[in-house]
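Trainee: Heads up: the protein sequence lines correspond to chains A and B, in order. When we follow this note's numbering, the leftmost residue of the first sequence carries the number 1, and every step to the right adds one. When we follow this note's numbering, the leftmost residue of the second sequence carries the number 1, and every step to the right adds one.
Calculated from the structure, these hints are not laboratory results. Please note: incorrect hints may appear among the correct ones.
Since the list gives no way to pick out one identical chain from another, each pair is judged satisfied if it fits inside one copy or across any two copies.
Distance condition first, Cα-Cα at most 35 Å in a straight line; then the derived DSBU-like pairs of lysine-lysine [to be verified]: (1) Lys3 - Lys239; (2) Lys184 - Lys79; (3) Lys69 - Lys94; (4) Lys221 - Lys94; (5) Lys187 - Lys284; (6) Lys281 - Lys187; (7) Lys307 - Lys281; (8) Lys69 - Lys184; (9) Lys307 - Lys284; (10) Lys184 - Lys221; (11) Lys187 - Lys220; (12) Lys187 - Lys221; (13) Lys213 - Lys281; (14) Lys184 - Lys3; (15) Lys184 - Lys220; (16) Lys307 - Lys111; (17) Lys187 - Lys94; (18) Lys69 - Lys79; (19) Lys66 - Lys187; (20) Lys109 - Lys307; (21) Lys187 - Lys111; (22) Lys69 - Lys111; (23) Lys69 - Lys239; (24) Lys220 - Lys94.
2 protein chains.
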Amino acid sequence: MSKERILITGANGFTGQHACSHFLNNGYEVIALKRNQQHTDQLSQDQVQSILCDLTDEEAIANVIKETKPDYILHAAGKNDVMESWQNPSMYLKANVMATIHLLEGVRKYKSDTRVLVVGSALEYNPTQRPNHPYGLTKTFQSLISKSWQTLFNLSIIIAKPTNLIGAGPSRGFCSLLAERIVKLEKYNIYEPLQVYHPNQVRDFLDIRDCLKAYEILLKKGDIGEVYPIGTGNFHSLKEVINQYQLLTNVPVPVEIMDQNHKLANKNGHSVYEHGLDLSKIRKLNWNPSIPFSSSLNSILSYYRQKL
Amino acid sequence: MSKERILITGANGFTGQHACSHFLNNGYEVIALKRNQQHTDQLSQDQVQSILCDLTDEEAIANVIKETKPDYILHAAGKNDVMESWQNPSMYLKANVMATIHLLEGVRKYKSDTRVLVVGSALEYNPTQRPNHPYGLTKTFQSLISKSWQTLFNLSIIIAKPTNLIGAGPSRGFCSLLAERIVKLEKYNIYEPLQVYHPNQVRDFLDIRDCLKAYEILLKKGDIGEVYPIGTGNFHSLKEVINQYQLLTNVPVPVEIMDQNHKLANKNGHSVYEHGLDLSKIRKLNWNPSIPFSSSLNSILSYYRQKL
């Protein structure tokens, strides 16, 4: 029996790198779509077929679909830095919205039965209200596009809305930023404290490896057109993250607690679960996270201890 | 006192051409932004400053704002053919969404106090539901973008939602398509009946000249961030349009009434006023349409009698 083929967009990114490993280990033929060669590959060319393709190039991505005809697509490409989205909202629209349209148009034209999982965000806004930042706007548009292409063109699209993903690799999330500062202090005695505006803010941190198990389940068995929030259901404050890291290092965790009224404090995004986080849909598919929070933080520290 | 300056996008289009005349006649300095020289100009170069600029070119439009620093912008550019949007949804996203972002980004960077009127559509969909066609999706996105740029970046944006605009000029609406067929029959004895799928469907037809009076009022006095539906409040069925035209011509109006269950019948768009059409906001600003429906139809016939 021939292997099932999965195309992973954003394969150089945090989610994409883990996704390549995950699906390779689980017996899939993996096609890794990368915008450029910027990040080093974790996986050798022998194991994963890498294709350079900028999703803002509509013809290029259509050709990739035409040539590879994947059974599954995990659309993990995109930009996700809230602060950067304030500086260049138009770039964020292109990277998160137009790129998704180009991908789905390729699917529509050349492999319309491909099951596509689009990675949404807990930072999406309710479109009947006003967005908090351009990033949230672009992710909401991405979801609206995904739902619309499913109904208008009868494509097999499923949307995942993960909470705060953490783990080894090129993440710019709080846990990664802090781990990097810790290791800089540990290894090079460089003290660059991370500024923390909302130490009591709580987040649902989810290990990327647990999340990928959910993504695989959704690609196989998720209901077409459905939106699946994915998280642990447990919330940790940033202060707890700091305390947890303190148990894993001998240096003082380098943080600086800032004035919450600082002008940057509200510009940055944080997950808001206005209507709570309904995990019942993903749990019904027999998914549950299994990696303890401290193990996740430890894997992030290990990543930087090797890398820096 | 120097004249107030208005930049009109889509100046070669149906609304744009009428807008240039309207604002020129009302004493404005008019800058006509055109994607190309495709349509003939109604107004001489002496009266209107024409600039060639494709709104999908972000840098080009930013430079136009930087150089011209308009007091007002009427954003009438865009694509509005529902059937075509099914064929090339990605092009519609670029023309209606990315173009609007590029324009607003230019305003944000170089003339952030410009009052911008964005021309929306009665075919927008409710984003908590599913769209009927790609065109509706793009117009909804355009409105969401406009509202978002207003709140996120504090721009002076107002949104107009006109009903079915009619009048002389390059429109592809029902009244224009039918008038063209009538005049072909009148002048050249060419019988090309227009296929009508929903003869009893009613629409609120608004003369573009009346609409432009509303646009001017909104540019001057409209509330920032507000959405203004604009229409007559009167509805006419397509059958009534046919009968009205019959009074204005000596040839039989060339139509073919089609099976309503035809597969094209539901693909094409028509205005749906789910929650009625709330005209109170625009009426509060002392606007009321004054051109009788038969005069509008007559002006369309006259246009084609001259043109063909």
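Trainee: Regarding Lys69 and Lys184, is the shortest C-alpha distance of 35 Å or less found within a copy, between copies, in both, or in neither?
Mentor: neither (44 Å within a copy, 49 Å between copies)
Trainee: Measure nothing new, just compare the shortest in-copy and cross-copy C-alpha distances for Lys307 and Lys111 to 35 Å and report within, between, both or neither.
Mentor: neither (39 Å within a copy, 46 Å between copies)
Trainee: One pair to classify: Lys187 and Lys111, alpha carbons no more than 35 Å apart. Within, between, both, or neither?
Mentor: Neither way: Lys187 and Lys111 sit 50 Å apart in one copy and 49 Å across, limit 35 Å.
Trainee: Given a CA cutoff of 35 Å, do Lys109 and Lys307 count as a within-copy pair, a between-copy pair, both, or neither?
Mentor: neither (42 Å within a copy, 40 Å between copies)
Trainee: For Lys220 vs Lys94, is the C-alpha pair at or below 35 Å within one copy, between two copies, both, or neither?
Mentor: both (29 Å within a copy, 33 Å between copies)
Trainee: With identical chains treated as interchangeable, where does the CA-CA distance between Lys281 and Lys187 reach 35 Å or less: within a copy, between copies, both, or neither?
Mentor: Close neither inside one copy (44 Å) nor across copies (65 Å); limit 35 Å.
Trainee: For Lys307 vs Lys281, is the C-alpha pair at or below 35 Å within one copy, between two copies, both, or neither?
Mentor: Intra 38 Å, inter 61 Å, cutoff 35 Å: neither.
Trainee: Please work out whether the CA atoms of Lys66 and Lys187 approach to 35 Å or closer within one copy, between two copies, in both situations, or in neither?
Mentor: neither (48 Å within a copy, 50 Å between copies)
Trainee: Checking an output row: Lys187 and Lys220, CA cutoff 35 Å. Within, between, both or neither?
Mentor: Neither: 44 Å inside a copy, 63 Å across copies.
Trainee: From the Cα coordinates, with 35 Å as the cut-off, is the pair Lys184 and Lys3 best called within, between, both, or neither?
Mentor: Neither. Shortest intra-copy (43 Å) and inter-copy (61 Å) distances fail the 35 Å Cα cut-off.
Trainee: Treating 35 Å as the Cα threshold, decide for Lys184 and Lys79: within, between, both or neither.
Mentor: Intra 26 Å, inter 53 Å, cutoff 35 Å: intra-copy only.
Trainee: Please sort Lys3 with Lys239 into within, between, both or neither, judging by C-alpha distance up to 35 Å.
Mentor: Classified as neither: same-chain Cα gap 45 Å, cross-chain 59 Å, threshold 35 Å.
Of the numbered hints listed earlier, those contradicted by the structure are 1, 5, 6, 7, 8, 9, 10, 11, 12, 14, 15, 16, 17, 19, 20, 21 and 23.
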